[in-house]
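Protein chains: 2
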Amino acid sequence: MRWPDRRLLDLLQVEHPIIQAPMGSCTTPEMVVAVAEAGGLGSFSTARTPANEIGEVVAAIRARTRKPINLNFFCHAEVKPDPIRDDAWRRRLARYYVELGVDAPGTSAIRDPFDAEMCDALVAAAPEIVSFHFGLPDASLVRRIKDAGCVLLSSATTVEEARWLEHHGVDAVIAQGAEAGGHRGMFLTTDVATQVGTLALVPQVVDAVEVPVIAAGGIADGRGIAAALALGASGVQCGTAYMFCPEATVSPVHRIALRAARDDSTAISSVFTGRPARSIANRLMRELGPHPDAVPQFPMASAAVRPLAQAAETKGSPDFTQLYAGQAVTLCRGA
Amino acid sequence: MRWPDRRLLDLLQVEHPIIQAPMGSCTTPEMVVAVAEAGGLGSFSTARTPANEIGEVVAAIRARTRKPINLNFFCHAEVKPDPIRDDAWRRRLARYYVELGVDAPGTSAIRDPFDAEMCDALVAAAPEIVSFHFGLPDASLVRRIKDAGCVLLSSATTVEEARWLEHHGVDAVIAQGAEAGGHRGMFLTTDVATQVGTLALVPQVVDAVEVPVIAAGGIADGRGIAAALALGASGVQCGTAYMFCPEATVSPVHRIALRAARDDSTAISSVFTGRPARSIANRLMRELGPHPDAVPQFPMASAAVRPLAQAAETKGSPDFTQLYAGQAVTLCRGA
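Going down the list, the protein sequences come from chains A and B.
Going by numbering that gives the first Met the number 0, the first sequence opens with residue 0, and the numbers climb by one from there.
Going by numbering that gives the first Met the number 0, the second sequence opens with residue 0, and the numbers climb by one from there.
Okay, chain A solo, but in the shape it has when bound (with noise of 0.2 Å):
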């Protein structure tokens, strides 16, 4: 297989200009490796893995392949604890709780943003390559990153945050257009109906920045992929076509959702985890509305909805559950 652009394959040492985006509800190490060794860039999402776990994850996926292999981070700022927003939170959600039969949690998990002891554990780890989500960690993190031989790569979902991103030392830039699954990674912006889509952004971005540029939303075959390279783009990150591989840890109501979805069946909410993402409508983006007003800051959305997610599953009903998928659902489901 012959590439047109080396760059990013240079870049990233990798034989494929195909990176398996990195998907906290589904990655398992198993995927990272088969990635790997097939010559694309397997990521593992660190975002529900505590920093103290992170070596073991990685020396896990290290056992298995000798390929370079990324680590990707959720790097929010960080968040106060907000009591009243929260139980505005929760009884905004009471009729589910009455309704499954499931207790109200008392107060919601605060998720730490990454900090000088994820950076340890990071840098301890040594991946080839580090790629974060919602913009970057403070500059002083940055410096230590890339002290440590690390390719830095972030997500842009308008020009603006590209030509940010460059300025912050980022190796490339993955251009995230609205078709994506999974949460937005706008760190300069907040507007979810000005976000733009992949075959408009990537062009703009590729204009507006020196580094290489990865494609990323509505991309799951090859002719996704070769539209991406037309465009300008240097390699593609595809993340909804690998949550249909035997790697993927997708509860049973998300598979079948999958199975089922159409095109338009997904669209972008923040009710599942107080950020903007991608996933198959279901009853409580429908009920709640895609943003709510009493919806809590990132992460603290999540542990209210949670209880009823499971409760829910339980019957086999997917109505309170976050079903992250990227609108080429249908290009996924293979023959």
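Keep in mind that the hints are not guaranteed to be accurate.
What the hints assert, rightly or not - Incomplete in silico selection of chain A near chain B, CB under 10 Å: (1) Ala103; (2) Glu178; (3) Leu230.
To be verified - Covered by chain A, per the in silico footprint, the following chain B stretches (three or more residues, Cβ under 8 Å): (4) 173-180; (5) 229-241.
Treat the hints as calculated values from the structure; they're not laboratory data.
Here a beta-carbon is modelled for each residue, glycine too, at the ideal position from N, C-alpha and C.
Using the hints, position chain B against chain A.
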């Protein structure tokens, strides 16, 4: 120039698989002639042309080119007058009438849907190609148009709409991705939140229908055209790019907004006409929200907004003007 896929070229009898989008607000006979003579398909929108003037417009175009041309029609459902909703809408705008010192208009105009009289004018004008927006007219009218030998096109915003159009007789489907400027062609759904980006929509439509697919939305230069063909489209339809041509009638405030717009400057809103359309976000969209409950059915909303737009424009303000643009707007400005 050799194009890899000749299906659309043979169907439309044009040299290049590039359709100039029919834009009611800015397309002139001169633009249609220029595009046709350059080997593309020029399209004239009849959105602002009464049935009894269509023959004259087509004659003006025919006098200057022998190439095939496309006449475009809206085929929204008939709207009954709804004085209560109309009043609510004018009350919603009342503070703006006061601010700008204009009188609230008395009653909103009814724009007739595509009917037998319009069909008579169409058949008499005998365009080689006819395209519709918002679905298709009654089957009897579709039959007359096809019996007259016209090639029939219409826009789909979802796979379901594409299948419906093929089943109802179109010769090619325009897959209108969410990036597109102007009115969404949606007719089997009213849910803007689930509209699909071009990169994801095109291959899913290509997989779903037998007829050629024309990609639209976010395409403004050769990269977008190459990407669309890689996705399986047989051609493209471009709109915003033509708004920068000397043949376009674009008001001064609109022209300034187009030149200042960024990739994330546009949003989809119903406030100007009652139907969702993408335009550069401005004060009216921001203050009323994108889809206010009070907005009358298409096209009844327009009459109440128009005096505000006119008064503001005389002061050089774009606050109340529908500033049509797609998300690839920055690619259109050229050198």
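We went through each hint and held it up to the structure:
no. : hint    : verdict
1   : Ala103  : 28 Å, violated
2   : Glu178  : 4 Å, holds
3   : Leu230  : 5 Å, holds
4   : 173-180 : holds (count 3)
5   : 229-241 : holds (count 3)
The structure fails to meet hint 1 from the earlier list, while all remaining hints are met.
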